[in-house]
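Participant: Model the placement of chain A on the given structure of chain H, informed by the hints.
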Amino acid sequence: MFKAIVDNVKGLYSLLVGLHITGRYALGPFPIWLKLKKPENGYPQLTTHYPRQTIADEDLVTFRGPVELIPAENDPTKSKCVSCMMCVKACPSNCLTVVKGDEGKAPKLWTSNFTLCSLCGTCVEVCPASALRFSHDIYWVAEKREDMINDLLAKLAKNGRN
Amino acid sequence: METILVPYTTDITLLSVLKLVVALVAIILLLIANSVVMVYLERKVAGFVQRRPGPYEVGPWGILQTVADTVKLLGKQILIPGNSDRFLFLLAPVLSMFPMFLMFLVIPYGPILTGLEVNLGLLLILAFAGMEGLAVIAGGWASNNKYSLIGAARAVSQSVAYEIPLILAILALAFQHGSLDLSVLNRAQEGWIWNWNIFTQPLAFLIFVITCFGETNRAPFDLPEGESELTGGYHTEYSGMGFALFFMAEYTSMMLVSFLAAVLFLGGSNAPVDIPLINGVWWTLIKMGAFMTFMIWVRWTFPRVRFDQLLNINWKWLLPLGLLNLWVTALVMKVVGN
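Chains as they are written, first to last, in this note's numbering: chain H, 1 to 162; chain A, 1001 to 1338.
Pulled out of the complex, with its shape left as it was, chain H reads as follows (with noise of 0.2 Å):
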């Protein structure tokens, strides 16, 4: 009994360091026109307000975005890729499509459907020629189920010209 009620005083003032902690998280920065704290000594804000401001790209590196094709050394819009359909087997949403040229190894249709891909990354690990990644790219966005159906040598096509 003695126990019980020590027990629960003691959960009463846990309640109260709770408070304590998320009065001092909201009081932090905000609000900034009562200056309690400079935002850098305080409690910054975690959050980025997108359209104004952005994540820098360094920071993205870690995001595993839709796979894309790695660009070929010698020539950025050629892909690495040997057309030996490993991706195509291992893929177990079967949302790749690629297909052989007519003339040497690469392949003159490569696409990958996002409706379908649940971004497991069998594709980039099975590949020998080391020809697929993951995207770094989050701001990516389709108004059509069609526009996600990416034609990724397309894609790095468009990567040479600029």
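By construction, these hints were calculated from the structure, which means they are not laboratory data.
Honestly, I wouldn't trust all of these hints.
Said to hold, decoys possible - In the SDA-like style, the derived pairs of lysine to any residue whose C-alpha atoms are separated by at most 25 Å in a straight line are:
no.	chain 1	residue 1	chain 2	residue 2
1	H	10	A	1218
2	H	158	H	133
3	H	10	A	1306
Unchecked claim - Derived coverage of chain A by chain H (criterion: at least 3 residues anywhere in the stretch with Cβ under 8 Å from a Cβ of chain H; other residues may be distant):
no.	stretch
4	1229 to 1243
5	1291 to 1305
These numbers come from a predicted model, not from an experiment.
Each residue gets a CB set at the ideal place from its N, CA and C atoms; glycine is no exception.
Facilitator: Leaving out everything else, chain A in the frame of chain H:
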């Protein structure tokens, strides 16, 4: 004792009817303004606590966010689920909002500013506080949905359980001041800050604060709603203005308990210093606002308790403590009072 037993008589004159109508209109405006401000404040405080700016885009500092939300809710279609009790389904949101007007009539906002002078105001509020539970049960039952039904069942056991310590805490105050008239309780706390009931009845205040969260279905006791487990509980099936009315009722009951906390425990319309000249309705409003901000702060700090924990807190701690407090108060009043 005699003041309680004398039946309250009134002459129904044109003036008294006019006063009631004016009071009701003012109360309705107050409740709507309260919901508009509270939705904004809730989201802003939630943002600050979670270290993000909260509503930001609509108007300066996002102050027009609630207006945009209201327009959106007004434009929504009211969907009635199949095989549901159509009449009860449409009645429940209205039922959750209507008793509120009556309860706000008897609250003393200032020393003489009350909608309706009754000497049993506290009893009236306690009697009608259970009506919101009834609306929740009606809505949950009529929805013909398992989530709603579980939410309604939780609301029943929760509001039944938490009403008892609430009454015990308030009854101690009634013992102390010998009245159920809220205006009398308000006047009894005049003078310096230590005359406030929070200092004469600290245990009753603690019990009152905890039961407030249980009565208004606010976090950490928001089990009837339980977004993560019951997808909204009793208002799962409601859309548009039906949902908005339930939402308004939640903020309105929050304001009601905040007014009660201000009037019963925090000195009501009395200033913390002994200068009768500056007493007035502004003190009630400041204390009410502070208590509501505290309720929001608590909501965004504590996780939701489990249902057995909720009932254990009530039956094993609040009820014995409330009885003890009542007994000690009665003893002290018997020894000191006469």
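Participant: Check whether the Cα positions of residue 158 of chain H and residue 133 of chain H lie no farther apart than 25 Å.
Facilitator: Roughly 17 Å separates the two Cα atoms, so the pair holds.
Participant: Is the Cα-Cα distance between residue 10 of chain H and residue 1306 of chain A 25 Å or less?
Facilitator: Distance of about 19 Å is within 25 Å: holds.
Participant: Check whether the Cα positions of residue 10 of chain H and residue 1218 of chain A lie no farther apart than 25 Å.
Facilitator: Satisfied, since the Cα-Cα distance of roughly 23 Å is no more than 25 Å.
Participant: Within the assertion that chain H covers the stretch 1229 to 1243 of chain A, do at least three residues meet a Cβ-to-Cβ distance smaller than 8 Å?
Facilitator: violated (count 0)
Participant: Per the coverage rule (Cβ-Cβ under 8 Å, at least three residues), is the stretch 1291 to 1305 of chain A covered by chain H?
Facilitator: holds (count 5)
Going through the hint list in order, the structure does not satisfy hint 4, though it satisfies all others.
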